[in-house]
Amino acid sequence: MAIEDDVCVIGGGLAGMTSALRAAREGARVRLVSHKKSTLRHASGLVDVLGYTPDGELVAEPFGALAALPAGHPYERVGVDAVRDGLGLFDEVVGDAYYGDHTDANALVPTHGGTVKPTARYPESAAAGLASDPRETLLVGFETLTAFDAPLAADHLDAAGVPAATRGVTVPFPGAFRADSRVTRFAHALDRDEAIETNAGTTGARRALATAVDPHLDGAERVGFPAVLGDDESSDVRAALETRLGVDVFEVPMGPPSLPGLRLERLFTAALDDAGVRRTTGNPVVDFEADGERIQAVYVDRNGQRAPFHADEFVLATGGLVGKGIDSDRDGVIEPIFDCHVPHPDDRYEWFVDEAFGDHPFARFGVDVDAELRPLDADGGIEYANLRAAGGVLGGADFAAEKSGSGISLATGYAAGRAAGEAV
Amino acid sequence: MGREMEVLVIGGGSTGCGIARDLSMRGVDVTLVERGNLTHGTTGRMHGLLHSGGRYAVSDQESAAECIAENRVLREIASHTVEMTGGLFVQKPGDPDEYFEEKLAGCRECGIPAEVLSGAEAREIEPYLARDVERAIRVPDGAIDPFRLCVANAADAEKHGARIETHAEVTDVLVEDGQVKGVEVRHASGPGKRTHRDPGTTERIEADHVVNATGAWAGQLGAMAGVEVEVRPSKGVMTVMNCRQVDTVVNRCRPKGDADIVVPHETACILGTTDEEVEDPDDYPEEQWEVDMMIDTLSELVPILSEARTLRSFWGVRPLYEPPDTGTTDPTDITRQFFLLDHADRDDLAGMTTIVGGKFTTYRLMAEQITDHVCGKLGVDAPCRTADEPLPGSNDFSVLRDYMEEFGLRSPIGRRSTERLGSKADRVLKTDDPNPVVCTCEAVTRAELEDAIDDAGTDLNATRIRTRASMGNCQGGFCAHRMASLLHPDHDEATTRAALDDLYAERWKGQRHALWGEQLSQAMLNHALHATTMNRDHDPAAREETIEYDRFDAGPSTSAADAATDGEGVNRGD
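Chains Y and G, in that order, give the protein sequences. Taking our numbering, I'd label the letters of the first sequence as residues 966 to 1389. Taking our numbering, I'd label the letters of the second sequence as residues 13 to 586.
Treat the hints with caution; some may be incorrect.
Here are some of the chain G residues that sit facing chain Y, going by a computed Cβ distance under 10 angstroms [as the list claims (entries may be wrong)]: (1) S91; (2) T286; (3) A356; (4) H493; (5) A535; (6) P552.
Source of the hints: derived by calculation from the structure; they are not laboratory data. Where a beta carbon is used, it is the ideal one built from N, C-alpha and C, also for glycine.
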């Protein structure tokens, strides 16, 4: 029997999930089709709206700075209200698991590289670590976890002028773990409070970790760990450490595989299930069928078999260069599913600049859209009347430099999902 | 303060390090100065081919015979830097039969083992060779790690008492009474291992004899001494692929041409090259068409290259030399022989010898001949032993144990560490501390990096070339910061940060020539990890203006407290 939906969202990241949720609220029958694991596992789990202006000015209050963004920026396309609406939807989905909705100001969160980063929403697990909070801080790293060097990060934060006195210490993670254990191994040991052999006998992993850190406290009022404090049971793990150490405990967000990113993904997945969104995962969309200016169906490749997914409205939320929603070869840059136009210089040596952290054109690659988020062709016409785009697949913003990735996904996902839902 | 030395060698490439080793083994007091890190010039920018001599068997038989002889020597003395892959000269339709026969005959005349294979036999060895390859000549080409080889020479020279000074640029050649007396160098940051941000110092180094082993830069160095050295720098591009499409060196069997060789190298393949004369060895264009030509032309030999992922491209400059008045216009016609210029004979300037031309594969032979020459000048009578004594790391390589169990390393990591370290593996990997993998692409552990840092100081690029860390698919995106953190706390935070910035910038530079497809996706991911997750592009510690922290959220509890103190309610309309 043919698969028939009102709205078909392609892409399972933050933008796709937001679109699907928002479209479902309009009463639409929604399907979300995703291929690989989402790039949330790469992301820190922080939800940025705007941390820096295009000129590189640090932004303390993002909503005030949005109006100054240039034409073509995704925020300019959807407007400031959509940004607030997107964040509002986010706040509903995550509930108590995230902080930041009590203020319009950005928070500065310590990074695992020892800098601070402006963000609009942060996981509960990171809340006690904010850089504007002057409480004396101890950072704890693990001997075998090479991505986070706590003494170096502490010295770096000091160089960044944070108000809190900050020290770092490196301890062995209690127990006999391989030298190349991944962060998920530590997290699962804490989730399950695994029995660990220590000098003082067998004890649970949580207590053993607190015991290893306790001698280093020395008056610190809060303790920061790399983001490995549990996966499914992270609140319990943190609470147990706080009880035993007698101080607040926080996590410093990390790179892939990012547990905060994965936890965020789970919150959204649960909300999708609650909203009745049908999810089809694990296979790529490889082709589509269009009738004049409207898309009729997309085709998913299942081990060589092409399965059509019909819908009235489609949302393209396949991500940018990292998620492969935008692809390229030596001759040019493309959007691989619908072949939507992606503006880019013909000469690939104009896709980048010479400085590693320069203003790279490639960082802005993506489809251009109208105010309804419909992708535009090379002449500025609408590609398809029932196709909208959201999130990283949109061009016009260097989300990495601006610290705007999640905000763009939420705002455009919200706007695309609402428009698609309303149209059916 | 000058220090009395007997010989000063300028240039820390393969030739200079080879000379320093040879001189020091013969009991001569040597100082070597290099303006960058070791291999900074041509040595670090070649495709890593250990020539069998087959390449020169038609055009330059003297070079060919030297190559096969040195090929055999290096397999013995530098086994841990050599992989004997074998090589193929393959003939495609249209490649002239006469040349194929000349190549075969030339190899045999030069004593290079050569065997003719049918197209089918060649494809049995290399399944990705083009279907229309007609036949091939198999020769003992190999792959060699120029970094490890050069560093091993320098290390052995140090062991024999030499002083090896990197990041020391010659600013003047001291000439008095028609004789070279030494040089003045500017230390990038003081003598010894490099430390960032320290004020530079200059040093006057006196010597009885100076050897100019600066390769493509020999003309510039000669000019400082007032002599003309007609070196003709010629650039060549090399493109690094992310995996080994071939396990054998594959050459195109035709008279000459650009883009005619693929060299497997550790986890990668390197495509090469071009040959184009440039004015300035430090400043020449690196152009898109050169990269495209590598991929397009070599895809004719190995078609999957057209779809493969490239990691980066880099350019090197050859130190070609031809005696005055030869009048060659095409750099590919210039001999690959090397020339020893005795400036006393040639220019009436005693105390200095220049070495130019030559090839990486014959670096040891060149060093031997120059050392013979210099020793003759100094009246030192000692035999050359560099062909017989193994380099550090290559002693008893055959008896290495399986390090997987011994050091708790997983099999591929243990194997790769051991291959890189050779006989040093035992000392380096035996640590009481945990030894996690820091660079996962290239399987480099903390102990191996710490050993390299002991040697290289805060220059992470010098650590990189010793270990291969950050040279894999991610080009440092996942590991550059982990490498940098190993410098702390021996070095302070600012130094560590500067070292990271240097390494990251260097890794970025070569990737710019590979930014499409998978590698563009990787570049964006690296950008996201370093700019978004770590905010390194707006690092507040590196910016002039200070952050007004109190304008930012300090958490819900704090702001509620503030609101209470200020007497203002929090009115958010809900």
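Checklist entry - Hints broken by the structure, by number, lowest first? => result The structure conflicts with hints 1, 2, 3, although it agrees with all the remaining ones.
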